[in-house]
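**Student:** In case you want the letters, here they are:
4 protein chains.
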Amino acid sequence: MSTKPLEIEKTNLKNLNWPEGKICALAFGWHVDGEAGALAGEPGNLEHITARSEGAYGVTTALPRILDMHDKLGVPGSFFFPAYVAEFNPEIVKLIKRSGHDVGLHGYLHENVFTLSEEEERNIFIKSYNILCDVVGERVLGWSAPTWGVRKNTLELIAELGMIYDCSLMEYDEPYLIKTDKGQLVELPISPVLDDWPIFGMSISPAGGNGVNTSGEMACKIWMEEFDGMRQYGGFYTTTFHPNLTGRRGRLTQVYDLLKYMKSFNDVWWTTCQATALHVLSLLNHTSGGAMKG
Amino acid sequence: MSTKPLEIEKTNLKNLNWPEGKICALAFGWHVDGEAGALAGEPGNLEHITARSEGAYGVTTALPRILDMHDKLGVPGSFFFPAYVAEFNPEIVKLIKRSGHDVGLHGYLHENVFTLSEEEERNIFIKSYNILCDVVGERVLGWSAPTWGVRKNTLELIAELGMIYDCSLMEYDEPYLIKTDKGQLVELPISPVLDDWPIFGMSISPAGGNGVNTSGEMACKIWMEEFDGMRQYGGFYTTTFHPNLTGRRGRLTQVYDLLKYMKSFNDVWWTTCQATALHVLSLLNHTSGGAMKG
Amino acid sequence: MSTKPLEIEKTNLKNLNWPEGKICALAFGWHVDGEAGALAGEPGNLEHITARSEGAYGVTTALPRILDMHDKLGVPGSFFFPAYVAEFNPEIVKLIKRSGHDVGLHGYLHENVFTLSEEEERNIFIKSYNILCDVVGERVLGWSAPTWGVRKNTLELIAELGMIYDCSLMEYDEPYLIKTDKGQLVELPISPVLDDWPIFGMSISPAGGNGVNTSGEMACKIWMEEFDGMRQYGGFYTTTFHPNLTGRRGRLTQVYDLLKYMKSFNDVWWTTCQATALHVLSLLNHTSGGAMKG
Amino acid sequence: MSTKPLEIEKTNLKNLNWPEGKICALAFGWHVDGEAGALAGEPGNLEHITARSEGAYGVTTALPRILDMHDKLGVPGSFFFPAYVAEFNPEIVKLIKRSGHDVGLHGYLHENVFTLSEEEERNIFIKSYNILCDVVGERVLGWSAPTWGVRKNTLELIAELGMIYDCSLMEYDEPYLIKTDKGQLVELPISPVLDDWPIFGMSISPAGGNGVNTSGEMACKIWMEEFDGMRQYGGFYTTTFHPNLTGRRGRLTQVYDLLKYMKSFNDVWWTTCQATALHVLSLLNHTSGGAMKG
Numbered sequence: 444m445s446t447k448p449l450e451i452e453k454t455n456l457k458n459l460n461w462p463e464g465k466i467c468a469l470a471f472g473w474h475v476d477g478e479a480g481a482l483a484g485e486p487g488n489l490e491h492i493t494a495r496s497e498g499a500y501g502v503t504t505a506l507p508r509i510l511d512m513h514d515k516l517g518v519p520g521s522f523f524f525p526a527y528v529a530e531f532n533p534e535i536v537k538l539i540k541r542s543g544h545d546v547g548l549h550g551y552l553h554e555n556v557f558t559l560s561e562e563e564e565r566n567i568f569i570k571s572y573n574i575l576c577d578v579v580g581e582r583v584l585g586w587s588a589p590t591w592g593v594r595k596n597t598l599e600l601i602a603e604l605g606m607i608y609d610c611s612l613m614e615y616d617e618p619y620l621i622k623t624d625k626g627q628l629v630e631l632p633i634s635p636v637l638d639d640w641p642i643f644g645m646s647i648s649p650a651g652g653n654g655v656n657t658s659g660e661m662a663c664k665i666w667m668e669e670f671d672g673m674r675q676y677g678g679f680y681t682t683t684f685h686p687n688l689t690g691r692r693g694r695l696t697q698v699y700d701l702l703k704y705m706k707s708f709n710d711v712w713w714t715t716c717q718a719t720a721l722h723v724l725s726l727l728n729h730t731s732g733g734a735m736k737g
Numbered sequence: 444m445s446t447k448p449l450e451i452e453k454t455n456l457k458n459l460n461w462p463e464g465k466i467c468a469l470a471f472g473w474h475v476d477g478e479a480g481a482l483a484g485e486p487g488n489l490e491h492i493t494a495r496s497e498g499a500y501g502v503t504t505a506l507p508r509i510l511d512m513h514d515k516l517g518v519p520g521s522f523f524f525p526a527y528v529a530e531f532n533p534e535i536v537k538l539i540k541r542s543g544h545d546v547g548l549h550g551y552l553h554e555n556v557f558t559l560s561e562e563e564e565r566n567i568f569i570k571s572y573n574i575l576c577d578v579v580g581e582r583v584l585g586w587s588a589p590t591w592g593v594r595k596n597t598l599e600l601i602a603e604l605g606m607i608y609d610c611s612l613m614e615y616d617e618p619y620l621i622k623t624d625k626g627q628l629v630e631l632p633i634s635p636v637l638d639d640w641p642i643f644g645m646s647i648s649p650a651g652g653n654g655v656n657t658s659g660e661m662a663c664k665i666w667m668e669e670f671d672g673m674r675q676y677g678g679f680y681t682t683t684f685h686p687n688l689t690g691r692r693g694r695l696t697q698v699y700d701l702l703k704y705m706k707s708f709n710d711v712w713w714t715t716c717q718a719t720a721l722h723v724l725s726l727l728n729h730t731s732g733g734a735m736k737g
Numbered sequence: 444m445s446t447k448p449l450e451i452e453k454t455n456l457k458n459l460n461w462p463e464g465k466i467c468a469l470a471f472g473w474h475v476d477g478e479a480g481a482l483a484g485e486p487g488n489l490e491h492i493t494a495r496s497e498g499a500y501g502v503t504t505a506l507p508r509i510l511d512m513h514d515k516l517g518v519p520g521s522f523f524f525p526a527y528v529a530e531f532n533p534e535i536v537k538l539i540k541r542s543g544h545d546v547g548l549h550g551y552l553h554e555n556v557f558t559l560s561e562e563e564e565r566n567i568f569i570k571s572y573n574i575l576c577d578v579v580g581e582r583v584l585g586w587s588a589p590t591w592g593v594r595k596n597t598l599e600l601i602a603e604l605g606m607i608y609d610c611s612l613m614e615y616d617e618p619y620l621i622k623t624d625k626g627q628l629v630e631l632p633i634s635p636v637l638d639d640w641p642i643f644g645m646s647i648s649p650a651g652g653n654g655v656n657t658s659g660e661m662a663c664k665i666w667m668e669e670f671d672g673m674r675q676y677g678g679f680y681t682t683t684f685h686p687n688l689t690g691r692r693g694r695l696t697q698v699y700d701l702l703k704y705m706k707s708f709n710d711v712w713w714t715t716c717q718a719t720a721l722h723v724l725s726l727l728n729h730t731s732g733g734a735m736k737g
Numbered sequence: 444m445s446t447k448p449l450e451i452e453k454t455n456l457k458n459l460n461w462p463e464g465k466i467c468a469l470a471f472g473w474h475v476d477g478e479a480g481a482l483a484g485e486p487g488n489l490e491h492i493t494a495r496s497e498g499a500y501g502v503t504t505a506l507p508r509i510l511d512m513h514d515k516l517g518v519p520g521s522f523f524f525p526a527y528v529a530e531f532n533p534e535i536v537k538l539i540k541r542s543g544h545d546v547g548l549h550g551y552l553h554e555n556v557f558t559l560s561e562e563e564e565r566n567i568f569i570k571s572y573n574i575l576c577d578v579v580g581e582r583v584l585g586w587s588a589p590t591w592g593v594r595k596n597t598l599e600l601i602a603e604l605g606m607i608y609d610c611s612l613m614e615y616d617e618p619y620l621i622k623t624d625k626g627q628l629v630e631l632p633i634s635p636v637l638d639d640w641p642i643f644g645m646s647i648s649p650a651g652g653n654g655v656n657t658s659g660e661m662a663c664k665i666w667m668e669e670f671d672g673m674r675q676y677g678g679f680y681t682t683t684f685h686p687n688l689t690g691r692r693g694r695l696t697q698v699y700d701l702l703k704y705m706k707s708f709n710d711v712w713w714t715t716c717q718a719t720a721l722h723v724l725s726l727l728n729h730t731s732g733g734a735m736k737g
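Chains as they are written, first to last, in this note's numbering: chain A, 444 to 737; chain B, 444 to 737; chain C, 444 to 737; chain D, 444 to 737.
Quick caveat, the hints were computed from the structure, so don't treat them as lab data.
One copy or any two copies: either way a pair holds, since identical chains are not told apart in the list.
Pairs of lysine-lysine, DSS-like flavour, derived with a Cα cap of 30 Å:
{"hint": "1", "residue 1": "Lys570", "residue 2": "Lys622"}
{"hint": "2", "residue 1": "Lys515", "residue 2": "Lys540"}
{"hint": "3", "residue 1": "Lys457", "residue 2": "Lys537"}
{"hint": "4", "residue 1": "Lys457", "residue 2": "Lys515"}
{"hint": "5", "residue 1": "Lys540", "residue 2": "Lys622"}
Every value quoted in this text rests on a predicted model; they were computed, and no experiment measured them.
Let the hints inform the model, and build the full structure from the sequences given.
**Tutor:** And the structure:
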């Protein structure tokens, strides 16, 4: 089917069977960028205490509150960490894991791979993977690209390290398979609609950005529309939320209400990125022909 | 009437007679940019798998859903393709044509002509025209400018190739006529108000953009206001919607409701760009003086 | 009072007496930039037919509709023209004048004076003043700065030519007086809140801009808030609206409703910029001490 | 607790005891940038009369109205001044102080310290501190960073001059302590959510900016959400509002209503930045172990 000149082989999994007869799947995702976001965007920010503090808010102030919300509502989460952030905040990473949530990799210092040579990318990738596995205490199975940077060798690196999924691309509403020279990956697609950066993002240094110009209520309206659309059209739904943005006090109370709304439907599989990838793989391995509906 | 120093001769068709006594005309339009948008904006994106996947979503995921919506509601559509996208996705282009919709040309790789010499523009134009006619299986009759790029020789090229309409300019609310050295064109005006890019557009690479910061409901409110305004003031209405933006699950359900609202009025001619242009030409050819109302 | 290092002498007219015991004054203002906006922003746009057509819409399509709205509602308007636009569209300028509205000057090709030497500025100013007076058939009495460009010699030029008001600065909510080496001016302050560019503006070439991302209804909500605020705090209210933006069909119907709302209060003086300036001068000349309330 | 590579030692004061058993604290803050904002952003704006007038509006027109609002509602305020603005508007600064509000320092000409050498920063800091103390008539106790510029030596300068608080960083929802080589500071955290610049900000010169595209009502909705969130999660709330933006007539009436809403709850400590810092210090000095709740 895919004859387009994109040098990766991929297979869409339209009509995938979800567990327990659910019609769609939701994996609430957070990118815990912490100070790494500010530092990757502008190296001079190493001395910029305000810019770093704005990122740090996500880790030390918002993240505990977010975990508490997940706990209260019984909603599993997928938390992606730049290894730098995990390295200096190991306790919260361990707590996330103990609480039954996912932990995924998100670069070392939130590097966009297009700013790196392939060798630099490889070295940073392996180093960050090892650090994060170390903090977590077990193998990390998935990756999400900082600043959407993914090239062919990036996907190969993920597979080569034994990870099973990537969570960075956007072509389908359902998980899809990607064949790389180093093995197959499950792709868990993200969406600009489910990213809080365009809505709330603001760069402290360099000063600028478009965000902060609408309410948490309006943001949740956007995310609710996409949720309602998923219930109609099927597929997978994962968010790219940043604790320093959406974990602010007033916004999080809106997200709390959104989650309660979403939980009022019983046809949605509440899952994590990792559990989704494992589900896809199990369908492929054990039932082959039966992976797809009817 | 037109004494302004714009080196094209044009004639407004204020008070044009629409078929069946309708008071205005609506041609729902889509720009199926696919990966071409990302590639034209930044050639380095050839290796940027995420940026390409975000564009590809419009073709492989959103477009079938959009066609289904048009089918369910009985609404004709006008679909403009960069020839590159048609070349690698011929089946969906053929399906669109078989379903009674329009197909129009939109560059080869979504080139802005102001980045090309006139000779380059000419070569690309003829090549892309031939590819698209080939995929469609018949002559393509209209063009819409990628990134609003139109200069004098562009309009001449359109006429020289035997196309009958351009759908890129913005001076009037009604179709108008443009005289070029190579023949006359029907101009079907577009509008910034009816473009989804300023509302939903976001550039993956280079990272940036203003969009995604309002709901599908608000976008449809904007488009509904202009529809209501057209019913009051008359004229023509065509949208510049992008499947990768407005074809997202949640947004499309809002557009579905908008279309149902629009269909509740029986004084609107539901048409395509091509049918509009043919209507205008038939009025001019067969009734001359009678083309305009009272 | 003014000890700040701004090299212009100014006197605020807080508590100015409005005619007929009104508590505030409203002069609906339009900047009819036409193609001049696109051409001033990017000289290469001379060949950019789309960019020019987007500007031209304001003159040939929106302006007649706007005049009709003013006429229906009995609302006077103040229309500022780049002389270039008046030169090539003299009939509509004359019609505006005949209908009892104001015409003011707005550069020749919408030049920002900070891109000109003082000599260039002077030559363009005099040339454009003469052209506009010629089209209008009488002396033009006021000026509004393209792109907010005003320097000391600009104000002197306005006074030297015998104009009585400037409509470009923003320090007060009430008209104020400015003393220049060439005479005194009435300053009629504008406001970013009452400018439609940040809400609806979009640049066709170079492609970009933030606008078009909210409804006409929301824009009118913003302008209504400021109107309600004026009725509470007093002062003057003039809009910087652009026919090609706010004169779009759907938006204008919203403005129509806004005007009806505004007209439902009988404590507002409906006026023009010129009439406001003449009123201020008459108070100063004839009643001196009585110009201010109690 | 803080093992992160940020070269400042800090202690969060989670669960701080607020006076009178209140559950959270609110210090309404204003940055009276006046003309300094325009001049710091672009030195050429010295001759740009419009850009300067837009800033001046905040001081001469909006600030008296804002003080009146604070007075009517009995709400204390914290007003930060670039010393340049205080130097040329000493009366209003003295009035603020006499009315029982705070005055804090905000640079001399709104300088971002990252554009200065450490020596330049030091000279400007001391000069501006002396000017402001002189105008106020007593020692000024706090500082807020222009354009969020804070580096290690900045915090040392604040402490060295005997000031007791900084109001620029963003890591926690509660006040926190910062240890510098020159002494300890109370940090009163600000938030991007409570800054009006991303919502209403617009640069006159260079022309640009994203703001002015939503209503005062929507802005107040954003600020109300964060207030409601504070009442749920506890902590401190201070605004970064600019008189020239939020002090516009229509917006201020919305803020008036917001304040009335906020005042309807009796579990909020209405305070100033200075009083908050003094409270924190008194808890630390006199009750040590008792500074934190149970």
